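Visitor: Each chain, written out:
There are 2 protein chains.
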Amino acid sequence: MRGKLYGVGLGPGDPELMTLRAHRLIAGAGVVAYPTLAGAQSFARSIAADAIAPGAREIVMDVPMTTARAPAQAAYDKGAKEIAGVLEQGEDVICLCEGDPFFYGSFMYLFARLSARFEIEVVPGVTSIAACAARAGRPLVARNERLTVLPGPLPEDELRRRIEGAEAVAIMKVGRHLAKIRGVIEDLGLTGGAVYVERASLPEEVVLPLAEAPERAPYFSMILLTKGADPWL
Amino acid sequence: MRGKLYGVGLGPGDPELMTLRAHRLIAGAGVVAYPTLAGAQSFARSIAADAIAPGAREIVMDVPMTTARAPAQAAYDKGAKEIAGVLEQGEDVICLCEGDPFFYGSFMYLFARLSARFEIEVVPGVTSIAACAARAGRPLVARNERLTVLPGPLPEDELRRRIEGAEAVAIMKVGRHLAKIRGVIEDLGLTGGAVYVERASLPEEVVLPLAEAPERAPYFSMILLTKGADPWL
Numbered sequence: 001m002r003g004k005l006y007g008v009g010l011g012p013g014d015p016e017l018m019t020l021r022a023h024r025l026i027a028g029a030g031v032v033a034y035p036t037l038a039g040a041q042s043f044a045r046s047i048a049a050d051a052i053a054p055g056a057r058e059i060v061m062d063v064p065m066t067t068a069r070a071p072a073q074a075a076y077d078k079g080a081k082e083i084a085g086v087l088e089q090g091e092d093v094i095c096l097c098e099g100d101p102f103f104y105g106s107f108m109y110l111f112a113r114l115s116a117r118f119e120i121e122v123v124p125g126v127t128s129i130a131a132c133a134a135r136a137g138r139p140l141v142a143r144n145e146r147l148t149v150l151p152g153p154l155p156e157d158e159l160r161r162r163i164e165g166a167e168a169v170a171i172m173k174v175g176r177h178l179a180k181i182r183g184v185i186e187d188l189g190l191t192g193g194a195v196y197v198e199r200a201s202l203p204e205e206v207v208l209p210l211a212e213a214p215e216r217a218p219y220f221s222m223i224l225l226t227k228g229a230d231p232w233l
Numbered sequence: 001m002r003g004k005l006y007g008v009g010l011g012p013g014d015p016e017l018m019t020l021r022a023h024r025l026i027a028g029a030g031v032v033a034y035p036t037l038a039g040a041q042s043f044a045r046s047i048a049a050d051a052i053a054p055g056a057r058e059i060v061m062d063v064p065m066t067t068a069r070a071p072a073q074a075a076y077d078k079g080a081k082e083i084a085g086v087l088e089q090g091e092d093v094i095c096l097c098e099g100d101p102f103f104y105g106s107f108m109y110l111f112a113r114l115s116a117r118f119e120i121e122v123v124p125g126v127t128s129i130a131a132c133a134a135r136a137g138r139p140l141v142a143r144n145e146r147l148t149v150l151p152g153p154l155p156e157d158e159l160r161r162r163i164e165g166a167e168a169v170a171i172m173k174v175g176r177h178l179a180k181i182r183g184v185i186e187d188l189g190l191t192g193g194a195v196y197v198e199r200a201s202l203p204e205e206v207v208l209p210l211a212e213a214p215e216r217a218p219y220f221s222m223i224l225l226t227k228g229a230d231p232w233l
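Going line by line, the protein sequences match chains A and B. If you read the first sequence in my numbering, its first letter stands for residue 1, the second for the next number, and so on. If you read the second sequence in my numbering, its first letter stands for residue 1, the second for the next number, and so on.
Keep in mind the hints are simulated off the structure, nothing from the lab. Each hint should be verified, as a subset may be incorrect.
[To be verified] Keeping only pairs whose Cα atoms sit at most 16 Å apart, straight-line, the calculated EDC-like set for lysine to aspartate or glutamate is:
no., chain 1, residue 1, chain 2, residue 2
1, B, Lys173, A, Glu145
2, B, Lys81, B, Glu91
3, A, Lys4, A, Glu119
4, A, Lys4, A, Glu82
5, A, Lys173, B, Glu145
6, B, Lys81, B, Asp62
Remember, it's a predicted structure, so these values are computed and weren't measured experimentally.
Using the sequences plus the hints, can you model the full thing?
Guide: The structure is reproduced here in structure tokens:
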């Protein structure tokens with residue numbers, strides 16, 4: 001009997017925002033797996049830390065810091081092989097995923113490598129978007145509004161075009177793209193309706209009108225944008 | 001000392017997909033509030049049922065079944081007044097919200113009415129989108145992809161235009177709009193990349209390729225659409 005792989009969403013950072021199911025699976029896990037970036041501490045592991053049983057085996061997939069695809073793919077190839085070895089021994093593996101596993105999550109690389117051979121369950125988690133809206137006190141979308149989610153690294157002209165054609169917008173992964181994104185929003189005259197959120201739900205969280213955002217943003221930052229008057233009154 | 005209002009996301013339906021924080025707040029609540037639609041059972045209350053303390057007071061906001069805005073607004077006016085009365089007595093109120101309170105959630109109507117006068121905390125929840133993707137085994141978005149969320153009631157030509165210009169698409173609130181939406185996706189030649197999900201995470205869940213979806217869909221149904229080849233390999 002083979003083991004089962006779980007891709008478990010942990011939510012945006014506050015350990016209390018993990019689901020009951022995520023907590024139960026992690027607390028009962030004999031083997032957990034998670035990626036790290038160039039040897040840095042794993043954010044996912046830090047969210048789950050208090051739930052991980054003492055003595056659980058930890059499979060670490062260290063992804064090198066580069067925009068090239070091959071080295072990251074090699075890291076996931078290696079991790080998938082190690083996880084497959086555990087599953088073949090009949091033991092389950094709980095993969096720790098910040099946010100939601102299928103929303104810009106690296107779990108999909110393991111899913112792509114292992115789903116044909118092993119049973120996989122994805123446990124959805126609270127996304128950073130929902131957390132940012134909650135912390136900013138800003139409804140994301142109401143009634144028949146449309147929501148567009150854009151990654152900050154998109155080229156400037158595409159960002160501009162997509163924001164122009166959109167209604168409610170969430171811009172993810174702001175980080176070093178902040179100045180570019182801010183310029184586009186300013187050009188479109190939308191700065192007044194934009195809020196900047198950094199590390200939502202964590203103690204070091206920042207929530208500010210975009211006009212007052214800092215010069216430098218971490219990777220885990222977001223801009224929420226609504227057009228026109230409050231639509232939910 | 002005034003009480004605090006909590007808008008608590010309960011996730012998509014499986015009670016295990018509520019967050020630890022949602023569970024803790026509900027279990028400790030002396031007063032819970034939730035909307036019902038034309039006297040029907042409250043879905044939010046059914047998700048939270050096992051967590052609600054015996055003897056908790058329940059404030060029910062019954063919203064009439066009509067597309068007119070005024071009767072619904074009157075129901076939220078009345079509910080907000082009753083909640084305000086409790087908060088003014090110094091007691092907290094936990095408002096139960098299916099999914100996430102700020103993602104197409106009716107909690108924003110209470111938020112709009114009460115946030116100027118009372119402290120409000122929104123506890124984000126797992127959205128139906130994340131749950132549908134998890135249950136369908138389909139990553140929503142990877143890397144620098146864009147996600148467009150569309151409500152099914154949009155007019156046919158707008159749906160067509162928005163889907164044409166989009167990459168990954170989630171169409172919410174399919175319900176009685178299924179035939180129209182299916183027609184648009186078929187016309188665009190995208191049926192092969194579309195999956196239909198009904199009541200994700202509940203025992204009566206349905207997950208099917210769109211081509212095999214039933215003729216009639218409940219309100220809590222969704223279509224997920226990706227274009228081109230698997231982008232996450």
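Visitor: Does each hint fit the structure? Answer for all of them.
Guide: Each hint tested on the structure:
no.: 1; hint: B:Lys173 / A:Glu145; in the structure: holds, 12 Å
no.: 2; hint: B:Lys81 / B:Glu91; in the structure: holds, 14 Å
no.: 3; hint: A:Lys4 / A:Glu119; in the structure: holds, 5 Å
no.: 4; hint: A:Lys4 / A:Glu82; in the structure: holds, 14 Å
no.: 5; hint: A:Lys173 / B:Glu145; in the structure: holds, 12 Å
no.: 6; hint: B:Lys81 / B:Asp62; in the structure: holds, 14 Å
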